[in-house]
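Asks: One line per chain: the protein sequences are B and G, in this order.
Position one of the first sequence corresponds to residue 15 (the numbering used here), numbered consecutively onward.
Position one of the second sequence corresponds to residue 15 (the numbering used here), numbered consecutively onward.
Worth flagging that the hints you see were computed from the coordinates, not collected in a lab.
Each hint should be verified, as a subset may be incorrect.
Repeated chains share a single entry, so a pair holds when one copy, or any two copies, can fit it.
Claimed, not checked - Listed below are the simulated DSS-like cross-link pairs for lysine-lysine, each with C-alpha atoms no more than 30 angstroms apart in a straight line:
1) K36 - K439
2) K438 - K63
3) K430 - K63
4) K36 - K430
5) K432 - K36
6) K36 - K438
7) K63 - K439
8) K184 - K16
9) K36 - K102
10) K234 - K303
11) K242 - K36
All values reported here derive from a predicted model rather than from experimental measurement.
2 protein chains.
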Amino acid sequence: MKTLYRGATLLCSDGDGFSVLKNGYLGVDGKTICYLGDAAPQDDYDLTKDMTGKIIMPGLYNCHTHSPMVLLRGVGSDLPLDQWLFGKICPIEDRMSPEDVAAGSALAAMEMIAGGTVSFSDMYFSQDQTAEVAIKAGLKANLSRHVQSFIPGEKPEDSVSLNEAKALYKRYNGAAEGRVKVDWCVHAEYTCTEDMPRALAACCKATNGNLHIHLSETEKEHRECKEKYGVTPAAWFERLGAFDCGGFAAHCVALEDADIEILRRHHISVAHNPTSNMKLGSGVAPVEKFIRSGINVTLGTDGAASNNNLNLFEEMHLASLLQNGYLRDATVMNAVTVLKMATENGAILQRRENCGKLAVGYRADFIAIDTDRPHLTPCLDAPALIVYAAQASDVVLTVVDGKILFENGDFKTIDKEKTYFDVKKAVERLYH
Amino acid sequence: MKTLYRGATLLCSDGDGFSVLKNGYLGVDGKTICYLGDAAPQDDYDLTKDMTGKIIMPGLYNCHTHSPMVLLRGVGSDLPLDQWLFGKICPIEDRMSPEDVAAGSALAAMEMIAGGTVSFSDMYFSQDQTAEVAIKAGLKANLSRHVQSFIPGEKPEDSVSLNEAKALYKRYNGAAEGRVKVDWCVHAEYTCTEDMPRALAACCKATNGNLHIHLSETEKEHRECKEKYGVTPAAWFERLGAFDCGGFAAHCVALEDADIEILRRHHISVAHNPTSNMKLGSGVAPVEKFIRSGINVTLGTDGAASNNNLNLFEEMHLASLLQNGYLRDATVMNAVTVLKMATENGAILQRRENCGKLAVGYRADFIAIDTDRPHLTPCLDAPALIVYAAQASDVVLTVVDGKILFENGDFKTIDKEKTYFDVKKAVERLYH
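The shape of chain B in the complex, shown without the other chains (with noise of 0.2 angstroms):
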């Protein structure tokens, strides 16, 4: 099946940046972008679609969520962390069954792909039930059981959670010709033992696999763990061999500056998340320094009940206004750098080759926003159009391997009357 797609402005990567192809044609051969150009191609296609006024891009890249929390969208705002988590969060999800994380992560691969959101790296409990969800919903999946231990001596073998991860990683590591794979997490440096993070790093070396990671979200967390073990979390995780196969950490808020070389040195990406470290009042991670030091940069929502959606278009926004104003300099973050974190750098977070580009021989997962909406009219500066003014609602068109999963409003892989109403009973069951 070849699918050709003219008439848009096509926001192709190429080195440094973007180039801005207007009147372009875009050529779909299966998975895989085949042709890219200002002319039509010579070849002949199944299916040609106008797509006039729009602007097609990269699909975006949400590093680090935990998207069953859509079901806790709301719950405890305004309340200081400790209080949010303690208090309203974790009761709530300790009443969660898989058949609620089925609906959670239903509701929120909808919210994912009406909003432009092509592949997302997932970090929570009943992670088999969010796997099933994305195979049938065609997005690609980064998943993660994270792993904890509160219990003094636990040992790994017999952690519920390490095995849990350890079946999940059996099961769906490659599932649907590779749109699903499973990372390894340990959810943190405060909410284990040392003996965590040497058990995830040998499951990493067992199978080269990519490790998922809360580092230093905030001041309390990193200053206590140097209280506790002498050194910052970074150091902490690096001593335990856990940055050994490379892998990403979210947050990062607090890191000094020989965390931010640790990072480096150990091909660590960083997942940021500006809305929620907002939110929460950790504060604002250090970005501008993790690029110039060379760290690949990524954007993450967070899980809804943070932020409160899986909106990547805040993020762009946020995460450039934030360095502008924060470093008092406007031209810190670009509308392009931001880009490239939200697209390119994803796809190299997630370690998939081919992926987070509009170019030929590319994997064809890519968006289209319509700018026929007074808020993009006129249109003189796509990349910034898309950074500084688009919605994640002015996604028509969201294309995964080449198949399309949202059109113009509809919904081409997930049944959302079935959603909505498998959603309100969970609601019913958690909150009633």
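Based on these hints, arrange chain G on the given structure of chain B.
Replies: Below, chain G without anything else, positioned relative to chain B:
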């Protein structure tokens, strides 16, 4: 004409916040809200509209913008402030005709109405064009022609901008049964001589007028004023009598504690512009301090050239996140505080009686948000949903003085195709 809106979740204003009325009834008689309740009213209505699944809340106030600058959306993005302003923006503005301003004003009106804005405080030239657009569009508008003077010794009576401001006041203040008001405006300390604030103070005194100014937007402006006059911009304006009749100040990023006391003393409201301040690298205004001092704080987008849209949902979102993240306290700016800033505080700034609240006897200026969207599901906390999860595009109904301006994507008072055509012509004139 009496209309009953039934079935929505109503965000009714009460003393300190909002009471949430589920499955409520909102009655409108002419321009005024005549009924609010959870039971059907006893009297007859000409028309009943089913609003099941919607949240109805007071309409939004954009308290500082330069609306025709939507024509400059995306111009000079990611440049330092002076290169952006003097190198990119000013040369284009110098070419702008009244016809261009009319086209930009109409485009801005579409964007504002579609995004739930019911009233705006504008500052620009050729505001007679903007007045005509607002009158026709059905929007409320506080317009102002900014006065500036770069000519040493120029007398106020010779000032073109001051004479234009006076003509604007005479022609449009109170127009459209009070929907259009004209405020007085001295642009900023750094763009005028001492005579201008004095002249504007006289205008305010003679008309009991409202003053609109830019104040301490950047540290540089603030510092240079102190070097030049030995006092801060706020103290300078106070000394020249500009604050004698109250008014409102935009930005206020660099205010000192003594300045905050000056504003409080003279009942000067603040129009907080979080996106613009961050995007241009100006920094974070000490909004929490303003509120604690008893100052009336509102929200504004600034012009689209430094934003790059007129989206008050983004401003609400950012206003909360910024203070929480900057002060490292998740409890500083809660959803209810921010909702009040965007609604009833705006009506106070614009000196509009019985406006800005969903309450019986108040003007029927309200909007409806469709929650039948994945990112607004579930609806556990309506104020948090609006501030943290909603997008401007979730607005499906905008009503001003009882009249529907926008419903389910359709503009009832503005010709969309004609506006796009006029904008296209203006863009050709300005950029080609």
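Asks: 30 angstroms Cα cut-off: does K242 pair with K36 within a copy, between copies, both or neither?
Replies: neither (57 angstroms within a copy, 50 angstroms between copies)
Asks: Is it within a copy, between copies, both, or neither that the alpha carbon of K36 lies no farther than 30 angstroms from that of K430?
Replies: between (34 angstroms within a copy, 24 angstroms between copies)
Asks: Give the relationship of K430 and K63 under a CA distance limit of 30 angstroms: within one copy only, between copies only, both, or neither.
Replies: Answer is both; intra-copy 25 angstroms and inter-copy 25 angstroms each pass.
Asks: When no copy is specified for K234 and K303, does a C-alpha distance of 30 angstroms or less occur within a copy, between copies, both, or neither?
Replies: Result: close both inside a copy and across copies, 21 angstroms intra and 25 angstroms inter.
Asks: Tell me, please, which holds for K36 and K439 at an alpha-carbon limit of 30 angstroms: within, between, both or neither?
Replies: between (47 angstroms within a copy, 19 angstroms between copies)
Asks: Regarding K438 and K63, is the shortest C-alpha distance of 30 angstroms or less found within a copy, between copies, in both, or in neither?
Replies: Answer is between: at 25 angstroms across copies they meet the 30 angstroms cutoff, but 36 angstroms inside does not.
Asks: One pair to classify: K36 and K438, alpha carbons no more than 30 angstroms apart. Within, between, both, or neither?
Replies: So K36 and K438 pass the 30 angstroms test across copies only (17 angstroms; inside, 44 angstroms).
Asks: At most 30 angstroms between C-alpha atoms: does K184 with K16 qualify within a copy, between copies, both, or neither?
Replies: This pair counts as neither: shortest intra-copy Cα distance 34 angstroms, inter-copy 65 angstroms.
Asks: Is it within, between, both or neither when you check K63 against K439 at 30 angstroms Cα-Cα?
Replies: between (39 angstroms within a copy, 28 angstroms between copies)
Asks: With identical chains treated as interchangeable, where does the CA-CA distance between K36 and K102 reach 30 angstroms or less: within a copy, between copies, both, or neither?
Replies: between (50 angstroms within a copy, 23 angstroms between copies)
Asks: Between K432 and K36, at a C-alpha cutoff of 30 angstroms, which is it: within one copy, between copies, both, or neither?
Replies: Answer is between; shortest inter-copy Cα gap is 24 angstroms, intra-copy 40 angstroms.
In summary, the numbered hints that this structure violates are 8, 11.
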